[in-house]
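**Student:** Chain by chain, the residues:
Protein chains: 2
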Amino acid sequence: MRYYNIAILGATGAVGQTMLRVLEERNFPVDEIRLLASPKSAGQELEYMGVKYKVQAVSPEAFEGIDIALFSAGGSRSKEWAPVAVEKGAVVIDNSSAFRMDDDVPLVVPEVNPEDVKWHKGIIANPNCSTIQMVVAINPIHRAKKIKNVFVSTYQAVSGAGATAIKDLEEETKAYFEGKYYYPEALPAHIAFNVIPHIDVFLDNDYTKEEMKMVNETRKIMHAPDIKVSPTCVRVPVFYGHSETVVIETEEPVTPEEAREILRSAPGVIVEDDPSNNVYPMPIDVAGKDEVFVGRIRKDFIFENGLSMWVVADNLRKGAATNAVQIAELLVEYELI
Amino acid sequence: MRYYNIAILGATGAVGQTMLRVLEERNFPVDEIRLLASPKSAGQELEYMGVKYKVQAVSPEAFEGIDIALFSAGGSRSKEWAPVAVEKGAVVIDNSSAFRMDDDVPLVVPEVNPEDVKWHKGIIANPNCSTIQMVVAINPIHRAKKIKNVFVSTYQAVSGAGATAIKDLEEETKAYFEGKYYYPEALPAHIAFNVIPHIDVFLDNDYTKEEMKMVNETRKIMHAPDIKVSPTCVRVPVFYGHSETVVIETEEPVTPEEAREILRSAPGVIVEDDPSNNVYPMPIDVAGKDEVFVGRIRKDFIFENGLSMWVVADNLRKGAATNAVQIAELLVEYELI
Numbered sequence: 001m002r003y004y005n006i007a008i009l010g011a012t013g014a015v016g017q018t019m020l021r022v023l024e025e026r027n028f029p030v031d032e033i034r035l036l037a038s039p040k041s042a043g044q045e046l047e048y049m050g051v052k053y054k055v056q057a058v059s060p061e062a063f064e065g066i067d068i069a070l071f072s073a074g075g076s077r078s079k080e081w082a083p084v085a086v087e088k089g090a091v092v093i094d095n096s097s098a099f100r101m102d103d104d105v106p107l108v109v110p111e112v113n114p115e116d117v118k119w120h121k122g123i124i125a126n127p128n129c130s131t132i133q134m135v136v137a138i139n140p141i142h143r144a145k146k147i148k149n150v151f152v153s154t155y156q157a158v159s160g161a162g163a164t165a166i167k168d169l170e171e172e173t174k175a176y177f178e179g180k181y182y183y184p185e186a187l188p189a190h191i192a193f194n195v196i197p198h199i200d201v202f203l204d205n206d207y208t209k210e211e212m213k214m215v216n217e218t219r220k221i222m223h224a225p226d227i228k229v230s231p232t233c234v235r236v237p238v239f240y241g242h243s244e245t246v247v248i249e250t251e252e253p254v255t256p257e258e259a260r261e262i263l264r265s266a267p268g269v270i271v272e273d274d275p276s277n278n279v280y281p282m283p284i285d286v287a288g289k290d291e292v293f294v295g296r297i298r299k300d301f302i303f304e305n306g307l308s309m310w311v312v313a314d315n316l317r318k319g320a321a322t323n324a325v326q327i328a329e330l331l332v333e334y335e336l337i
Numbered sequence: 001m002r003y004y005n006i007a008i009l010g011a012t013g014a015v016g017q018t019m020l021r022v023l024e025e026r027n028f029p030v031d032e033i034r035l036l037a038s039p040k041s042a043g044q045e046l047e048y049m050g051v052k053y054k055v056q057a058v059s060p061e062a063f064e065g066i067d068i069a070l071f072s073a074g075g076s077r078s079k080e081w082a083p084v085a086v087e088k089g090a091v092v093i094d095n096s097s098a099f100r101m102d103d104d105v106p107l108v109v110p111e112v113n114p115e116d117v118k119w120h121k122g123i124i125a126n127p128n129c130s131t132i133q134m135v136v137a138i139n140p141i142h143r144a145k146k147i148k149n150v151f152v153s154t155y156q157a158v159s160g161a162g163a164t165a166i167k168d169l170e171e172e173t174k175a176y177f178e179g180k181y182y183y184p185e186a187l188p189a190h191i192a193f194n195v196i197p198h199i200d201v202f203l204d205n206d207y208t209k210e211e212m213k214m215v216n217e218t219r220k221i222m223h224a225p226d227i228k229v230s231p232t233c234v235r236v237p238v239f240y241g242h243s244e245t246v247v248i249e250t251e252e253p254v255t256p257e258e259a260r261e262i263l264r265s266a267p268g269v270i271v272e273d274d275p276s277n278n279v280y281p282m283p284i285d286v287a288g289k290d291e292v293f294v295g296r297i298r299k300d301f302i303f304e305n306g307l308s309m310w311v312v313a314d315n316l317r318k319g320a321a322t323n324a325v326q327i328a329e330l331l332v333e334y335e336l337i
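If you're matching them up, the sequences are chains D and L in order.
Heads up: the first sequence runs through residues 1 to 337, numbered per full-length UniProt numbering.
Heads up: the second sequence runs through residues 1 to 337, numbered per full-length UniProt numbering.
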C-alpha cells in the first residue's frame with residue numbers, strides 16, 4: 001500500500017483542525033503530515049495520531065514533496081498558494097470559493113459526482129457547506145424523478161464563519177448573562193439570541209454571495225444546468241451543524257414514502273423521519289457526524305409534484321473537512337496520484 | 001369619552017403581561033382592570049399604571065360587569081371560559097387557537113380585515129403569531145398584485161411557547177457554560193445552541209399544527225381561499241421576535257422596488273431594506289416594537305412573478321398582545337361595545 005505526503009494550509013482554523021481529525025478517523029494512508037498556516041499562526045502545535053506537530057509558515061518550499069494539499073485558509077490565500085502547490089507537484093483540494101466556478105476545476109461531492117475528480121488539472125474545489133448537504137440529499141431524488149425547482153432556507157451555524165465566529169457566539173452569550181456588551185469580531189451583527197439574514201457579502205442582485213453559491217454550485221455539482229434554486233441564507237446561534245428547509249418540485253411524481261426509500265439507500269444519507277415519535281434531525285445531534293440527515297419528508301402543498309424536507313449536517317465535517325478528505329480518498333481509489 | 005372594564009385571563013403569562021403593558025402604552029380607555037388566572041397563579045401581584053393589582057382565580061363571577069375579556073391562557077381554558085364570559089356580557093378576544101377556524105368567529109388582523117370584527121357573536125379570535133406578521137407583510141401586495149403561492153420558513157422565538165420556554169432557553173444556556181445538564185420543561189427538545197423543526201403537535205399529514213395554522217388562518221384572514229401556503233416552522237434560540245423567509249408568487253408582475261413602495265405606505269409595516277449598508281430587520285432589533293419589519297426584498301429565481309423577502313416582528317406584541325388590543329380598539333372605534 002502506498003502512503004502519501006499531506007499538507008494542510010489553514011491547519012489552525014476550524015476546518016483545518018477538523019481535517020486533521022477526519023484524516024485520523026478515516027485512517028487515510030498518510031506518510032508525512034505537514035501543517036501550514038500564515039506566519040501569524042506559525043509555531044502553534046497541533047496533534048496528529050498522538051504526536052505533536054509544529055505549524056509552519058506557508059512558503060513555496062513547504063509544498064516540496066507533497067502529494068495532496070488540503071487548503072482551507074480563505075479565497076485570497078488559495079489564489080496565492082494553489083498555483084504554487086500545483087507547480088511543486090501537489091494536487092490541491094481547495095475549500096475556498098476561489099476556484100469553484102472555474103470551468104477547468106472540478107467541484108466535487110463524492111456521493112454526487114465522484115467521476116469529476118478524473119479531469120482535474122491540479123486543483124479540485126470543495127463546495128460550499130450549505131450546498132454540499134443539500135445536493136447529497138436531493139441528488140438521489142433528482143436521478144430518479146428529475147428536480148426542476150428548489151426553495152431553500154438555511155439555519156447556519158457560526159462555525160461556518162470560522163473559529164472567531166465560534167468565539168463571537170460564546171463570548172457574546174456569556175456577556176449577555178453578565179450584563180456586559182460584546183462586539184462581534186467575525187459576524188456582521190450580534191448573534192447571541194438573534195438570527196442574521198446575511199452570510200458572506202451582498203451582491204448587486206441583493207442576494208448574498210452565499211446564496212448565489214447555492215444557486216450556481218448546485219447546478220455544476222449535479223450536472224443539472226436547468227435546476228433553479230431560490231435560497232435565503234441565515235445565520236443562527238448554533239455552534240455546529242447547518243439545517244435547511246428544502247422544498248423541491250420534480251418532473252415526475254414522487255410520494256414521501258418513495259422519497260424515504262430512495263434516500264434510505266442513497267450514499268451518505270441517513271433518514272431520521274418519524275414525527276409521531278418526535279424523530280427528526282437537529283444540529284446538536286448531528287455535530288461530529290459525517291452523514292447528511294434528512295427528516296420531515298412530506299407532500300408540499302403548492303407543487304403538484306412537490307416534496308418538503310428538513311436537511312441537517314455538520315458543516316465542518318460533511319460541509320467541509322470530511323468532503324475534502326473523501327475527495328482525497330477518490331484520488332487514491334482512482335489512482336490519480 | 002367612555003371607559004371600559006377589561007379582564008385579562010392568563011394575566012401572569014408571557015402574553016398576558018405584555019397585554020397589560022400594551023394597554024398602558026396605547027392609553028386604552030380602561031375603567032377597571034381585572035387580572036385573572038388559574039387558581040395556581042392567583043394571588044400574584046402585577047402592576048398596571050403604577051398600581052399593584054392582585055391576580056384573582058378565574059370564576060363566572062369574575063366576568064361580571066366586564067366589557068372586554070382578553071384571553072391568553074391556552075385553548076382548553078378558552079373553551080371552558082369564553083362562553084361563560086360571553087354569557088356575562090363580555091366580548092372575548094381570544095389568543096388561543098380554540099375558535100380561530102369556527103365559521104361564526106371572526107379571525108382578525110386589524111391592518112388586514114378590520115371590518116370582520118363587526119359580525120362577531122361574542123368571541124373574536126386573535127390569529128397565530130407567525131401568521132399575523134406574514135399577512136401584515138403580504139396582504140398589501142396581494143391587494144395590488146394578487147398572490148397565488150407562499151413558501152414560508154420560520155425562525156420562531158421561544159417566547160412563543162410561553163414563559164416556561166423562555167426559562168428553558170435561559171437556564172439551558174447557563175447550564176451549557178457550567179457544564180451542567182438541563183432538561184427542557186416546555187420545549188420538545190434542547191434549544192440552547194440548537195434549532196427544533198417542531199412547533200405544536202404533529203398531525204396526520206406530517207405537518208405540525210403550527211404549520212397548518214399558517215396554511216388555514218392566512219386564507220381566512222385575507223379572505224383568499226385560493227392562496228396556497230407551504231410552511232415549515234422552526235424554533236430557534238431567540239427570546240423575542242419571530243423571523244420568516246417568505247417567497248411569494250403573484251398573478252401580476254411586481255418588481256422589488258414596487259413592492260417596497262407598496263409596503264412603505266402599508267399600515268403597520270416598516271421597510272428596512274438596504275443590504276449594501278447591512279440594513280435588514282433582526283429579532284433583537286424589533287423586540288418591544290409593534291410593527292412588522294420587512295427587508296431583503298428581491299426578485300425570486302423560480303417564479304416569473306416572484307418575490308423573496310424577510311419578515312420580522314415581536315411575537316409577543318404584534319404576534320399576540322398588540323394585535324389583541326388593536327382588536328379591542330376596533331370595538332371601541334366601531335362602537336360595538
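Any given hint could turn out to be false.
Under the rule of at most 25 Å between Cα atoms (straight-line distance), these lysine to any residue pairs were calculated in the SDA-like manner [to be verified]: (1) K289(D) to P188(L); (2) K228(L) to I166(D); (3) K88(L) to W119(L); (4) K299(L) to E171(D); (5) K174(D) to K299(L); (6) K145(L) to E304(D); (7) K167(L) to I166(D); (8) K209(L) to R298(D); (9) K148(D) to D300(L); (10) K228(L) to G306(D); (11) K289(D) to K299(L); (12) K174(L) to F177(D); (13) K289(L) to E249(D); (14) K299(L) to I227(D); (15) K209(L) to E249(D); (16) K228(D) to I227(L); (17) K299(D) to K88(L); (18) K146(D) to G179(L); (19) K299(D) to E304(L); (20) K148(D) to M212(D); (21) K174(L) to Y181(D); (22) K174(D) to D300(L); (23) K180(L) to E171(D); (24) K289(D) to Y176(L); (25) K299(D) to F202(L).
Quick caveat, the hints were computed from the structure, so don't treat them as lab data.
**Student:** Taken at face value, is the distance from the CA of G306(D) to the CA of K228(L) at most 25 Å?
**Tutor:** Answer holds: K228(L) to G306(D) is near 13 Å, not above 25 Å.
**Student:** Checking one constraint from the list: CA of K299(L) to CA of E171(D), max 25 Å. Satisfied?
**Tutor:** At roughly 37 Å apart (the allowed maximum being 25 Å), E171(D) and K299(L) break the hint.
**Student:** Between the alpha carbons of K228(L) and I166(D), is the straight-line distance 25 Å or under?
**Tutor:** It is violated: about 39 Å lies between the C-alpha atoms, which goes past 25 Å.
**Student:** Take a quick look at whether K180(L) and E171(D) sit within 25 Å of each other, Cα to Cα.
**Tutor:** Given that 25 Å is the threshold and the Cα spacing comes to 18 Å, the pair holds.
**Student:** Sort out whether I166(D) lies within 25 Å of K167(L), counting only the CA atoms.
**Tutor:** The given pair, whose Cα atoms are some 24 Å apart, holds under the 25 Å limit.
**Student:** Does P188(L) sit within 25 Å of K289(D), going by the straight-line distance between their CA atoms?
**Tutor:** holds (22 Å)
**Student:** Holds or violated: K289(L) with E249(D), Cα cutoff 25 Å?
**Tutor:** violated (38 Å)
**Student:** Straight-line Cα separation of K299(D) and E304(L) no greater than 25 Å?
**Tutor:** holds (23 Å)
**Student:** Within a Cα-Cα threshold of 25 Å, do K174(D) and D300(L) meet the stated pairing?
**Tutor:** Given pair K174(D), D300(L) is violated - Cα atoms ~38 Å apart, limit 25 Å.
**Student:** Please work out if K148(D) and M212(D) have their alpha carbons no farther apart than 25 Å.
**Tutor:** holds (17 Å)
**Student:** Check the hint pairing K88(L) with W119(L) against an upper bound of 25 Å on the C-alpha distance.
**Tutor:** holds (19 Å)
**Student:** Is the straight-line distance between the alpha-carbon of K148(D) and that of D300(L) 25 Å or less?
**Tutor:** Between K148(D) and D300(L) the Cα gap is close to 15 Å, so the pair holds against 25 Å.
In this structure, the earlier hints numbered 2, 4, 5, 11, 13, 17, 18 and 22 are contradicted, and the remaining ones agree with it.
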